[in-house]
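**Q** What follows is the residue order along each chain.
Protein chains: 2
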Amino acid sequence: MTAQKDSEPLKVALLGCGVVGTQVARILLEHRDELAARVGAPLELAGIAVRDVTVPRDAVIPTQLLTTDAESLVDDVDIVIEVMGGIEPARTLILRGIAAGASVITANKALLAQDGPAIFEAADAAGVDVAFEAAVAGAIPIIRPIRDSLAGDKINRVLGIVNGTTNYVLDQMTKHGLGFEQAVKDAQALGYAEADPTADVEGHDAAAKAAILASLAFHTRVSLDQVACEGITKVTADDVAWAKRSGHVIKLLAICEQNDEGVGVRVHPALVPDTHPLATVSDAFNAVFVEAANAGPLMFYGQGAGGAPTASAVMGDVVSSARNRVAGARGAGESNYANLPVVDFGTASTRYQVRLSVADKPGVLARIAEVFASNGVSIETVTQAPRDDRDGSAYLVIATHEGREAALAQTIETVAQLDVIEEVMSVLRVEGS
Amino acid sequence: MTAQKDSEPLKVALLGCGVVGTQVARILLEHRDELAARVGAPLELAGIAVRDVTVPRDAVIPTQLLTTDAESLVDDVDIVIEVMGGIEPARTLILRGIAAGASVITANKALLAQDGPAIFEAADAAGVDVAFEAAVAGAIPIIRPIRDSLAGDKINRVLGIVNGTTNYVLDQMTKHGLGFEQAVKDAQALGYAEADPTADVEGHDAAAKAAILASLAFHTRVSLDQVACEGITKVTADDVAWAKRSGHVIKLLAICEQNDEGVGVRVHPALVPDTHPLATVSDAFNAVFVEAANAGPLMFYGQGAGGAPTASAVMGDVVSSARNRVAGARGAGESNYANLPVVDFGTASTRYQVRLSVADKPGVLARIAEVFASNGVSIETVTQAPRDDRDGSAYLVIATHEGREAALAQTIETVAQLDVIEEVMSVLRVEGS
Numbered sequence: 001m002t003a004q005k006d007s008e009p010l011k012v013a014l015l016g017c018g019v020v021g022t023q024v025a026r027i028l029l030e031h032r033d034e035l036a037a038r039v040g041a042p043l044e045l046a047g048i049a050v051r052d053v054t055v056p057r058d059a060v061i062p063t064q065l066l067t068t069d070a071e072s073l074v075d076d077v078d079i080v081i082e083v084m085g086g087i088e089p090a091r092t093l094i095l096r097g098i099a100a101g102a103s104v105i106t107a108n109k110a111l112l113a114q115d116g117p118a119i120f121e122a123a124d125a126a127g128v129d130v131a132f133e134a135a136v137a138g139a140i141p142i143i144r145p146i147r148d149s150l151a152g153d154k155i156n157r158v159l160g161i162v163n164g165t166t167n168y169v170l171d172q173m174t175k176h177g178l179g180f181e182q183a184v185k186d187a188q189a190l191g192y193a194e195a196d197p198t199a200d201v202e203g204h205d206a207a208a209k210a211a212i213l214a215s216l217a218f219h220t221r222v223s224l225d226q227v228a229c230e231g232i233t234k235v236t237a238d239d240v241a242w243a244k245r246s247g248h249v250i251k252l253l254a255i256c257e258q259n260d261e262g263v264g265v266r267v268h269p270a271l272v273p274d275t276h277p278l279a280t281v282s283d284a285f286n287a288v289f290v291e292a293a294n295a296g297p298l299m300f301y302g303q304g305a306g307g308a309p310t311a312s313a314v315m316g317d318v319v320s321s322a323r324n325r326v327a328g329a330r331g332a333g334e335s336n337y338a339n340l341p342v343v344d345f346g347t348a349s350t351r352y353q354v355r356l357s358v359a360d361k362p363g364v365l366a367r368i369a370e371v372f373a374s375n376g377v378s379i380e381t382v383t384q385a386p387r388d389d390r391d392g393s394a395y396l397v398i399a400t401h402e403g404r405e406a407a408l409a410q411t412i413e414t415v416a417q418l419d420v421i422e423e424v425m426s427v428l429r430v431e432g433s
Numbered sequence: 001m002t003a004q005k006d007s008e009p010l011k012v013a014l015l016g017c018g019v020v021g022t023q024v025a026r027i028l029l030e031h032r033d034e035l036a037a038r039v040g041a042p043l044e045l046a047g048i049a050v051r052d053v054t055v056p057r058d059a060v061i062p063t064q065l066l067t068t069d070a071e072s073l074v075d076d077v078d079i080v081i082e083v084m085g086g087i088e089p090a091r092t093l094i095l096r097g098i099a100a101g102a103s104v105i106t107a108n109k110a111l112l113a114q115d116g117p118a119i120f121e122a123a124d125a126a127g128v129d130v131a132f133e134a135a136v137a138g139a140i141p142i143i144r145p146i147r148d149s150l151a152g153d154k155i156n157r158v159l160g161i162v163n164g165t166t167n168y169v170l171d172q173m174t175k176h177g178l179g180f181e182q183a184v185k186d187a188q189a190l191g192y193a194e195a196d197p198t199a200d201v202e203g204h205d206a207a208a209k210a211a212i213l214a215s216l217a218f219h220t221r222v223s224l225d226q227v228a229c230e231g232i233t234k235v236t237a238d239d240v241a242w243a244k245r246s247g248h249v250i251k252l253l254a255i256c257e258q259n260d261e262g263v264g265v266r267v268h269p270a271l272v273p274d275t276h277p278l279a280t281v282s283d284a285f286n287a288v289f290v291e292a293a294n295a296g297p298l299m300f301y302g303q304g305a306g307g308a309p310t311a312s313a314v315m316g317d318v319v320s321s322a323r324n325r326v327a328g329a330r331g332a333g334e335s336n337y338a339n340l341p342v343v344d345f346g347t348a349s350t351r352y353q354v355r356l357s358v359a360d361k362p363g364v365l366a367r368i369a370e371v372f373a374s375n376g377v378s379i380e381t382v383t384q385a386p387r388d389d390r391d392g393s394a395y396l397v398i399a400t401h402e403g404r405e406a407a408l409a410q411t412i413e414t415v416a417q418l419d420v421i422e423e424v425m426s427v428l429r430v431e432g433s
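Protein chains in written order, with full-length UniProt numbering: chain A, 1 to 433; chain B, 1 to 433.
These aren't lab readings, by the way, just hints derived from the structure by calculation. One or more of the hints may lead you astray.
[As the list claims (entries may be wrong)] Within a straight-line C-alpha distance of at most 25 Å, the following computed SDA-like cross-link-like pairs (lysine to any residue) qualify:
no.	chain 1	residue 1	chain 2	residue 2
1	A	Lys234	A	Asp388
2	A	Lys154	B	Glu8
3	A	Lys175	B	Thr275
4	A	Lys11	B	Ala338
These figures come from a predicted structure and were not determined experimentally.
Whenever a hint applies, use it, and build me the whole structure from the sequences.
**A** Right, here's the structure in full:
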């Protein structure tokens, strides 16, 4: 394709002018010529909808483009870029833009995880594109590879480090032996964690992304409330140190998998073997590991947040959607033909590594092993270590073979009630091995 | 998009029935329903062109589909899948298919690196898709992410481990201290290297892939003869050991970069810091590391060869092209609008790590340093170590700052002629730091 700048300009509305929006505007304005050559038509930034036009902004933002009238803006453009976040007014504006015939690019994972189907149905009815590469794992191309590159394969499993804040926190705990609270404070001081880190550390942000990934990977609608979710707030410095001893690191994983019963989606901290590609993902980086029937293992790695990285993903979608409009075509829409059941967490196949504080006397292991056996849970290894800080006590670290989550959880509940058990110090799942 | 199986079937011709072709046929036949749901129309395998229909084949191949008449086959289909390899008759058949209105999917890196432009121009003229995800890095989605996901960004550099054979050989040398010859023999025994490993170990295979990646990344045609290429045949067990001492591993890299002068493309062994994501890519795996202006660093990792992995990439392209045909649309064609000059290797910015065997006496370093200085090459570190195997000799390991390749090469040539130099043991470039 040779550059075609003679086509009519495509009008672009930008909703939101925060960290991401500012970078999107900068790219649109500073790279007009390259973008026009790549699209086959100029992209014209028609307006930037904000709540308050008087707020001081980056010098790159032309103030005459700012408007508080988002409704009028989306009524008269070819492409709507939504980077304002939150459910409303984002949802209403997106649906309004679609109804007016615009293609929509959004980075809004919360909205998609909650109301994706309504948006996709509206886009199908209007024959426009809805693209959302930036909603999962920031700059990393993962939506398009799953939807298009792997469209001829069968995805079995997706393991994602999709929240940079928690990866930074866990990585600092791993590298420097910090406790959870201290690591969060450090992350806040460096801008890697919000003042209220709940959405990140409780796994809610990762869960929204997991719902989006699972929907794509398995051609089945998965909503946020179907994702089992456990955050990293209970992970201790001790857990991290014990993980190291057994050749693991602790990562918060978004896990999407398909088995005979259906699709399972969960977010929780997990022990990942040192040798697994995900184990090397440090700092606030993200990575998505995909296991496909034919491709085998794949990993996609990069920055999961930040203005410019997220804007890169947004702009890739803008160029693709704009190319489609120039060609009078449409990209792949939602695919939900498989419509598989979404199964409970209890049916998941997992492996546990459990650390118990026990009375250091004969027969203890036998009694514990009996509980495992009676629940049908098979033990892979047992490691005993004296507890230096408490006379007459020992640590018992038990790694299980694979079993059903429900059976494993039940086993631990029963074990905890044995009189020889002083404390269940930690229960962590092992993934990626 | 709900599944639409009511559209007319799309006829598919498969050219070649080797390791990859067999897997492509298997997927087409075993996953008809899923593929139909994803495409919106059934994919009908119309025929498989082979040289000899009597050769015994995998049971999955329906013998009635085999034909030696490839010409007639490509004249009457919607999609041509070319996995026969080699320049002819692949080139003629692809052009014939395009002329007849078929979209083409090919895994043929050698053909694309040599005759890509002719094929892309024919496809543009005919308004059909040419897709080639499988031509670079096997199963790894990298063509589509560069072409589409990063279409709104500016790629500065691509560093790729794109040849599994050489990565396996170098990894075995690193892990087990093997020499090059032994590692190649082991790789041959395990099927990771061909009986004649020249195309791999001399870097020719990687060079073809580098030309394709550079063309895409920089919107500029780059042909195979513009790629500077050096293989791994001179890498010794000693080099690998010394690399370890300085915190590096040796990888064969395909490097595509843009600077003020134009586009540079090269393939050579390089020292990669242990901490770089590419350093962890072991065995026969491939990975492509992309540095983009806004996205920052990205890495794509997976299997670079093999029947099923390559077939996964082929089938992703088949589904996408088929979707386009159902929609009456076309994917992004070749983009060469930037048309940048392709510059000589001598203009590249590189860093050297040089290991010299020198006379162990005062004043030697001063004389060597003088040569570096007079060529404008700045030294970063010098490490001296006694040579255990030779009295009166020492090793001198010199790491330079960044400089122009031509100046660095000239420096080493001059240094080699100094009488205090016994031998230039190795010259390796340092990348990724």
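**Q** Assess, step by step, whether the Cα of Lys11/A is no farther than 25 Å from the Cα of Ala338/B, and give holds or violated.
**A** Holds, because 24 Å separates the two Cα atoms, which is no more than 25 Å.
**Q** Has the given pair, Lys154/A with Glu8/B, been kept, meaning a C-alpha gap of at most 25 Å?
**A** 24 Å, holds
**Q** Could you grab the alpha-carbon distance between Lys175/A and Thr275/B and see if it respects the 25 Å cut-off?
**A** 14 Å, holds
**Q** Under the criterion that the straight-line Cα-Cα distance not exceed 25 Å, is the pair Lys234/A, Asp388/A satisfied?
**A** 22 Å, holds
The earlier numbered hints are all upheld by this structure, with none contradicted.
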